[in-house]
Structures are given as C-alpha cells and as structure tokens.
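These protein sequences, in sequence, are chains A and B. In case it helps, our numbering puts the first sequence at residues 1 to 159. In case it helps, our numbering puts the second sequence at residues 1 to 210.
Keep in mind that the hints were calculated from the coordinates and are not lab data. Careful: at least some of the hints might be erroneous.
30 Å max Cα-Cα, derived DSBU-like pairs, lysine-lysine [claimed, not checked]:
1. B:Lys-4 <-> A:Lys-89
2. A:Lys-81 <-> B:Lys-135
3. B:Lys-37 <-> A:Lys-96
4. B:Lys-37 <-> A:Lys-26
Far from chain B, by Cβ distances over 10 Å, these chain A residues were calculated [to be verified]:
5. Ile-13
6. Ala-14
7. Thr-34
8. Leu-36
9. Ile-51
10. Val-66
11. Leu-70
12. Leu-72
13. Phe-108
14. Leu-113
15. Ala-127
16. Leu-129
17. Asp-141
Just so you know, even glycine gets a beta-carbon here, dropped at the ideal spot from N, CA and C.
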Amino acid sequence: GKIPVLHDGDYKIAESRAICRYLVSKYQGKYNNTILIPNDIHEAGLVEEFISYEAFYYEPPASKIVYYELVLRTPESEIIKQALKDINKILDVFDKLLEGKEYLNGEFSLADLFYCPCTHFIYSTHADLWDKRPNVKKWWDRLRNRDAWKMSLEKKNKL
Amino acid sequence: MAIKLIGFPQSPNTLRVVLTLNELGLPFELEPVTDIKTIKTEDFLANKHPFGKVPVLCDDDFVIHESRAICRYLISKYQKDANIVLIPDDLNKASIVEQYISYEISYYDPPLSKILYQEVFNKRNGRPVDEAVVKQGLEEIEKVLDIYEKVLEGKDYLSGEYSFADHLHTVRAQGIYAATAYSDIFEKRPNVKRWITNLRNRDACKKTYA
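Can you make the complete structure from the sequences, with help from the hints?
Written as structure tokens, this is what we have:
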C-alpha cells in the first residue's frame with residue numbers, strides 16, 4: 001500500500017528507485033542526450049557506489065529530518081540532532097570527493113539525481129550544511145538549477 | 001581476471017558479495033580484515049573507500065566498493081558467461097526484479113539488520129542486547145513477511161524465476177537462522193518458508209556458508 005506507482009501503457013511498476021531504473025533502461029538517450037547510467041560497465045559500477053551511499057548513508061538520516069521537522073514538526077528532537085551529525089559526516093566526505101568534479105562521478109548521473117528530493121526539503125531549514133562546504137555548495141547549486149529539477153518543482157507546486 | 005575481495009569474513013555485507021561470486025562461479029581471493037584500523041587509514045580512504053568501509057572488490061585494476069554496487073557490477077560483467085540469469089535482459093522482467101530489490105532495501109533489510117545488530121554484533125562484542133529494539137524489529141518484519149506471503153502465492157521466487165532480488169534476501173535470512181531464536185518468522189508462513197528453504201539450499205549458499 002505505497003506510492004509512487006508508475007503506469008507506462010499497460011505496464012505497471014512500483015518502488016521509486018525501481019521506477020527510475022526502468023525509465024532509464026527504456027528511455028535513456030531517446031529524447032535527449034542525458035545519460036543517467038553509463039553504458040560502460042566500470043563507469044556504471046562507480047555510479048552504483050554513489051547510488052548505494054544515497055540509499056544506506058544519506059537517506060536514513062535525511063528522511064528522519066524530513067519526517068520529524070516537516071511532518072511531526074518536532075525540530076528539537078534528539079533524533080534530528082543525531083541525523084544532522086550523520087549528514088555532516090557524509091557531506092564532509094562528499095566535499096572531498098567533489099574536488100575538481102561537477103558531479104559525484106564526474107558527469108551527471110542517476111546518483112546525483114537521487115539526492116535531490118530529501119536535500120530540497122532539508123536545505124530549506126539547514127542550508128548552512130551545504131553552503132559552508134564549497135564543493136558541496138557548488139554541486140547542490142548545479143543540481144537545483146537543472147531545468148528538469150525546476151520543471152519538477154513547478155509541476156509539484158501546481159498539484 | 002583476478003578478483004580480490006577485502007572484507008570481514010563474517011560480515012553480511014562481505015557475505016552478500018561472496019554469495020554473488022559463488023552464484024556466478026567466479027574464482028576469487030578473500031583478503032580478511034583483521035584490524036579495523038587498517039580500513040581507516042588515509043591511504044584506504046583515498047584509494048579504497050572514502051567512508052572507511054568494506055567490502056571492497058578489486059577486479060584486476062578496477063576497484064569498487066558498496067556490496068550491492070559490487071554485486072551489480074559482477075552481474076553486468078560476468079552473468080552472460082555464467083549459467084545463470086540474476087538480472088534478466090528483458091526490460092520489463094528486469095524492472096520487476098528491481099521492484100523486489102527495492103523491497104529488500106526498504107522493507108526487509110532495515111528491521112532484520114536491527115535485530116541482527118543486537119543479537120549478533122552486540123553479543124559478540126560483549127554488549128547488552130536492547131530487547132526493545134529487537135521487539136520493534138520483529139514487529140516490523142512480521143508485517144513485511146505477511147505481504148511477502150501473499151506475493152509468493154503460487155510462486156517459488158519473488159518475480160517467478162530466481163533472480164538477484166531473491167539472492168539479496170538470503171544473507172539476512174541466514175543470519176536469523178544461524179544466530180537467533182527467531183527463524184519462526186519464516187517457518188510459520190508456508191510460502192515464505194518454501195522460498196527461504198529454496199534460497200538456503202542453493203549450492204552457492206551452501207558453499208558460502210560452509
């Protein structure tokens with residue numbers, strides 16, 4: 001009993017990360033030149049590392065902040081304090097990894113995209129976590145200025 | 001091709017990769033980590049894993065970390081030469097497998113890893129077991145497995161045929177059977193029991209846990 005669920009013609013698929021992978025497999029390169037998962041096995045493997053970081057290191061604390069601050073509105077909770085510590089550690093590592101790079105694996109990929117939703121919400125109340133780290137700040141500025149992201153927010157705001 | 005896997009031999013994350021290597025019939029060398037300090041050095045952080053974690057796999061000169069990323073890489077590269085299909089080529093079938101891979105990450109792994117952290121990791125390190133955490137983990141996994149019981153009606157595997165999605169569920173199940181008194185969560189649901197028994201009886205699983 002969860003959403004999102006995607007219908008593509010007669011085909012139905014659930015689970016957001018599975019939906020994204022399906023869309024990439026089917027449509028990547030067909031309507032524009034954006035490559036979200038590289039065809040090269042080794043480059044794809046490196047993108048998968050960053051996808052794994054997002055699922056296991058970033059999302060758990062990030063989603064707690066979203067839930068406790070936005071949904072429950074208990075911003076002083078101990079859980080949020082610990083979650084912010086975790087996010088700080090992750091962004092310290094990312095600031096080094098992004099040295100000399102525009103995106104996590106050099107070129108924009110599905111991995112970068114996966115960080116956008118939670119970051120969008122947390123940035124509204126904790127912008128300093130990103131803004132005080134020069135490489136992370138540039139990376140987030142690039143991501144949130146992408147046309148696709150801006151279009152997605154416009155669509156969301158109209159709903 | 002010379003594959004070396006660096007990791008804690010008993011860690012579920014290392015075992016997850018070993019299981020994939022065995023399913024694909026790939027020879028490899030396991031380099032056990034005996035001292036956690038060795039994976040926190042500047043050199044390790046710069047060249048192996050920036051978060052100071054294992055497993056890390058070296059395939060000749062290519063270095064990759066994060067167990068599920070490693071498994072996907074191995075499948076992409078070696079599946080066609082092995083006699084097994086872990087991720088189908090057909091887009092629609094592969095996407096359904098991805099759905100169940102997502103279930104494993106989102107619904108199955110979190111409660112089981114909470115239980116196993118208490119029952120295995122804390123006990124091994126002489127720390128007390130937080131029974132409240134175990135209880136919450138059990139409540140969560142019971143609800144998840146109720147859904148799996150329906151999903152597996154009339155099927156031996158999640159998407160019908162054995163896939164990477166089923167494969168990913170094996171390690172935590174092995175942990176529950178081997179090190180806790182909670183295997184009943186699988187045993188009392190006939191479809192789940194049949195599924196888990198199939199997973200645990202696979203040659204690759206027996207070889208991994210021998």
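Evaluation of the provided hints:
At roughly 29 Å between alpha-carbon atoms, Lys-4 (chain B) and Lys-89 (chain A) fall within 30 Å of each other, so this suggested pair holds. Among the hinted pairs, Lys-81 (chain A) with Lys-135 (chain B) is consistent with the structure: their alpha-carbon atoms are about 25 Å apart, no more than 30 Å. Distance check on the hinted pair: Lys-37 (chain B) and Lys-96 (chain A) sit about 21 Å apart at the alpha-carbon level, within 30 Å; holds. Between Lys-37 (chain B) and Lys-26 (chain A) the CA atoms are separated by roughly 44 Å; this puts the pair beyond 30 Å, and the hint is violated.
Not every beta carbon of chain B lies more than 10 Å from that of Ile-13 (chain A), the smallest distance being close to 5 Å; the non-interface claim is violated. With a least CB separation of 6 Å from chain B, Ala-14 (chain A) falls inside the 10 Å interface cut-off, contrary to its annotation. Even its closest Cβ contact with chain B, about 18 Å, leaves Thr-34 (chain A) beyond 10 Å, as expected for a residue assigned away from the interface. A cut-off of 10 Å between C-beta atoms confirms that Leu-36 (chain A) is not in contact with chain B; the least separation is 14 Å.
For Ile-51 (chain A), the non-interface assignment is contradicted: its Cβ lies about 7 Å from the closest Cβ of chain B, within the 10 Å cut-off. The Cβ of Val-66 (chain A) lies farther than 10 Å from every Cβ of chain B, with a closest approach of about 15 Å, so its non-interface assignment holds. Look at Leu-70 (chain A): its CB is around 20 Å from the nearest CB on chain B, clear of 10 Å, so calling it non-interface holds up. Listed as a non-interface residue, Leu-72 (chain A) keeps its Cβ farther than 10 Å from every Cβ of chain B; the least gap is roughly 18 Å.
The beta carbon of Phe-108 (chain A) sits about 18 Å from the closest Cβ of chain B, which is more than 10 Å, so the claim that it is off the interface holds. Every CB of chain B lies more than 10 Å from the CB of Leu-113 (chain A), the least distance being 16 Å, so the non-interface label holds. Listed as a non-interface residue, Ala-127 (chain A) keeps its Cβ farther than 10 Å from every Cβ of chain B; the least gap is roughly 24 Å. Consistency note on Leu-129 (chain A): stated as away from chain B, and its beta-carbon is indeed over 10 Å from all of that chain's, at 17 Å minimum.
For Asp-141 (chain A), the requirement that its beta carbon stay farther than 10 Å from each beta carbon of chain B is met, with the minimum near 22 Å.
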